[in-house]
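Going line by line, the protein sequences match chains A and B.
Residue 256 in this note's numbering sits at position 256 of the first sequence, and the numbers go up by one each step.
So the number in this note's numbering is just where the residue sits in the second sequence, counting from 1, plus 283.
Please note: incorrect hints may appear among the correct ones.
[What the hints assert, rightly or not] Restraint-style ranges between C-beta atoms, simulated for each label pair:
1) A:P59 x B:Y354: 39 to 45 Å
2) B:K445 x A:T22: 40 to 46 Å
3) A:V8 x B:T480: 47 to 53 Å
4) A:K228 x B:A383: 35 to 41 Å
5) A:E232 x B:S348: 26 to 32 Å
6) A:K270 x B:S348: 47 to 53 Å
In case anyone wonders, no lab produced these hints; they're calculated from the structure.
Positions of the beta carbon are idealized from the N, C-alpha and C atoms, including for glycine.
Number of protein chains: 2
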Amino acid sequence: MKIIRDPVEMQQYSDALRHQGTRIGFVPTMGYLHEGHLSLVTEAGKRTDHVVVSIFVNPTQFSPSEDLEAYPRDFARDETLLEGVGTDSVFYPTKDAMYAGGYQTYVTVENISQNLCGVSRPTHFRGVATVVTKLFNIVKPHVAVFGQKDFQQLVVIQRMVKDLNFDIEIIGHPTVREQDGLAMSSRNTYLGPEERTSALLIKKALDRTRDLYVEGNNKAPVLLQKAKEVLEGSPRIKIDYLKICDAHTLEEIEEIRGEAVMAVAVFIGKTRLIDNYVFRNPS
Amino acid sequence: MKIIRDPVEMQQYSDALRHQGTRIGFVPTMGYLHEGHLSLVTEAGKRTDHVVVSIFVNPTQFSPSEDLEAYPRDFARDETLLEGVGTDSVFYPTKDAMYAGGYQTYVTVENISQNLCGVSRPTHFRGVATVVTKLFNIVKPHVAVFGQKDFQQLVVIQRMVKDLNFDIEIIGHPTVREQDGLAMSSRNTYLGPEERTSALLIKKALDRTRDLYVEGNNKAPVLLQKAKEVLEGSPRIKIDYLKICDAHTLEEIEEIRGEAVMAVAVFIGKTRLIDNYVFRNPS
Numbered sequence: 001m002k003i004i005r006d007p008v009e010m011q012q013y014s015d016a017l018r019h020q021g022t023r024i025g026f027v028p029t030m031g032y033l034h035e036g037h038l039s040l041v042t043e044a045g046k047r048t049d050h051v052v053v054s055i056f057v058n059p060t061q062f063s064p065s066e067d068l069e070a071y072p073r074d075f076a077r078d079e080t081l082l083e084g085v086g087t088d089s090v091f092y093p094t095k096d097a098m099y100a101g102g103y104q105t106y107v108t109v110e111n112i113s114q115n116l117c118g119v120s121r122p123t124h125f126r127g128v129a130t131v132v133t134k135l136f137n138i139v140k141p142h143v144a145v146f147g148q149k150d151f152q153q154l155v156v157i158q159r160m161v162k163d164l165n166f167d168i169e170i171i172g173h174p175t176v177r178e179q180d181g182l183a184m185s186s187r188n189t190y191l192g193p194e195e196r197t198s199a200l201l202i203k204k205a206l207d208r209t210r211d212l213y214v215e216g217n218n219k220a221p222v223l224l225q226k227a228k229e230v231l232e233g234s235p236r237i238k239i240d241y242l243k244i245c246d247a248h249t250l251e252e253i254e255e256i257r258g259e260a261v262m263a264v265a266v267f268i269g270k271t272r273l274i275d276n277y278v279f280r281n282p283s
Numbered sequence: 284m285k286i287i288r289d290p291v292e293m294q295q296y297s298d299a300l301r302h303q304g305t306r307i308g309f310v311p312t313m314g315y316l317h318e319g320h321l322s323l324v325t326e327a328g329k330r331t332d333h334v335v336v337s338i339f340v341n342p343t344q345f346s347p348s349e350d351l352e353a354y355p356r357d358f359a360r361d362e363t364l365l366e367g368v369g370t371d372s373v374f375y376p377t378k379d380a381m382y383a384g385g386y387q388t389y390v391t392v393e394n395i396s397q398n399l400c401g402v403s404r405p406t407h408f409r410g411v412a413t414v415v416t417k418l419f420n421i422v423k424p425h426v427a428v429f430g431q432k433d434f435q436q437l438v439v440i441q442r443m444v445k446d447l448n449f450d451i452e453i454i455g456h457p458t459v460r461e462q463d464g465l466a467m468s469s470r471n472t473y474l475g476p477e478e479r480t481s482a483l484l485i486k487k488a489l490d491r492t493r494d495l496y497v498e499g500n501n502k503a504p505v506l507l508q509k510a511k512e513v514l515e516g517s518p519r520i521k522i523d524y525l526k527i528c529d530a531h532t533l534e535e536i537e538e539i540r541g542e543a544v545m546a547v548a549v550f551i552g553k554t555r556l557i558d559n560y561v562f563r564n565p566s
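Go ahead and model the full structure; you've got the sequences and the hints to work with.
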């Protein structure tokens, strides 16, 4: 497994791969990897010849009040995990290599970035779109795989790729969960034992919604009320948002007809967790 | 000379060229070509194996009050001119192919875009950076050539390429002028005969500045005052801005030490013309 730290060296390496006809798969991460990330690497490996994983805790997607410095990091552990799933290369740049002096260029996906997580994190998706543009230009992949757990991020990236004509296929991979249903996240390590128990109500609320939808309920206010009741089962949970939106525009809807998503963000103590359920067209 | 209208077809064509080891040069234009554009094509041809010229009057760099609809267009004439200088391919997309329904992604180069033309055209460089990002992703060039006449545009693109890690060499090509010194521009066709005569004072003002600088004057207020006096020789000229700036940050400076630029924009009647003089380090 090759470790590359310099952006220009990564570009030259990807150019050489491309010139040989090798198809490149890419999984961008902020490190502190869990099985969710590893499943993205496996998925990329099924679709391409050479998988590059980037590890970079991107400062531009954190606001000044957020947990940039506290964000967990363990490169040695990540390296072992990535070797274990057959990763071909790791791009692991420094902050200075990514954001040199005088840095001032940002990519904004306007409407989709504003609802859901964009309400409490107004510059978050600008940071995500910017760093992903940079990583796409450095890694030059044919395919990139993102987790559906970060549903809004996936939709933002899909829109950006379409709008800016990136010649890259974007794959959304299903959320990987712990045995008990909690969506895997690097932030789960912040949870105390009692908080961890409360966090299970997130998946329970989404399951309740799914069951009601499958039974024929497609009115958003009804589904939201039932999900809210489940989350209110723990006084530790503070809802940041709970919404049902069109799966492509992320605009709130009253009734589920096409593809839609129930998206939820909660605070448990100081930890903010997100999850979602995607309503597929009944077939 | 191949004409390609579809972005995906252009990407596939460029991929095939790259896979053969062909180096691609690129000159983005809004059409209605003059010798200035053609010199960029020739320059790109010297540096690469295959030159692609794009012709696209980009709506996102015009404000609602500006001359988008009136902007001159003549594809048949452009085609003949491009054939004449050995252009290999022309990318000539429709507006709908470039900005489909739901379009919402923009690239912003923050500080550099705000001074000079950014004052009177606050969204102009956002439109330029956005369409150039799109064109880079579609044409996939190794080298792109821009005219120094649009000096701020060149600096914005250079900064964007560095910040977003585009693996593309950006060349700034010297301004091409009419016999009498007027910088070539598609907008020169708007000028009536008397306006055309007044327009010559722009180059005269820059020449006066150059002469004073070469004689040892490096104080910006003095040079600006002398240039202003030349421009005031015609009552038809209304100065939009006349500034001396650092050539990389475009921040105004009081004294010329490193690379700097005198940049000027004037209205003559309804026509807005720009020009500049770059102060090189005395050698």
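Range hint 40 to 46 Å (beta carbons of K445 (chain B) and T22 (chain A)) holds or violated:
The hinted range 40 to 46 Å is violated for K445 (chain B) and T22 (chain A), with Cβ atoms some 27 Å apart.
At the C-beta level, are K270 (chain A) and S348 (chain B) separated by a distance inside 47 to 53 Å?
Given range 47 to 53 Å: holds, Cβ gap about 49 Å.
A range of 39 to 45 Å was offered for this pair. Does it hold for the Cβ distance of P59 (chain A) and Y354 (chain B)?
holds (40 Å)
Should the hint that V8 (chain A) and T480 (chain B) are 47 to 53 Å apart at their CB atoms be regarded as holding?
holds (50 Å)
Is the gap between the beta carbons of E232 (chain A) and S348 (chain B) within 26 to 32 Å?
violated (52 Å)
Holds or violated: the 35 to 41 Å window for the beta-carbon distance between K228 (chain A) and A383 (chain B)?
At 37 Å between Cβs, range holds.
In summary, the structure is inconsistent with hints 2 and 5 from the numbered list given earlier, while agreeing with the others.
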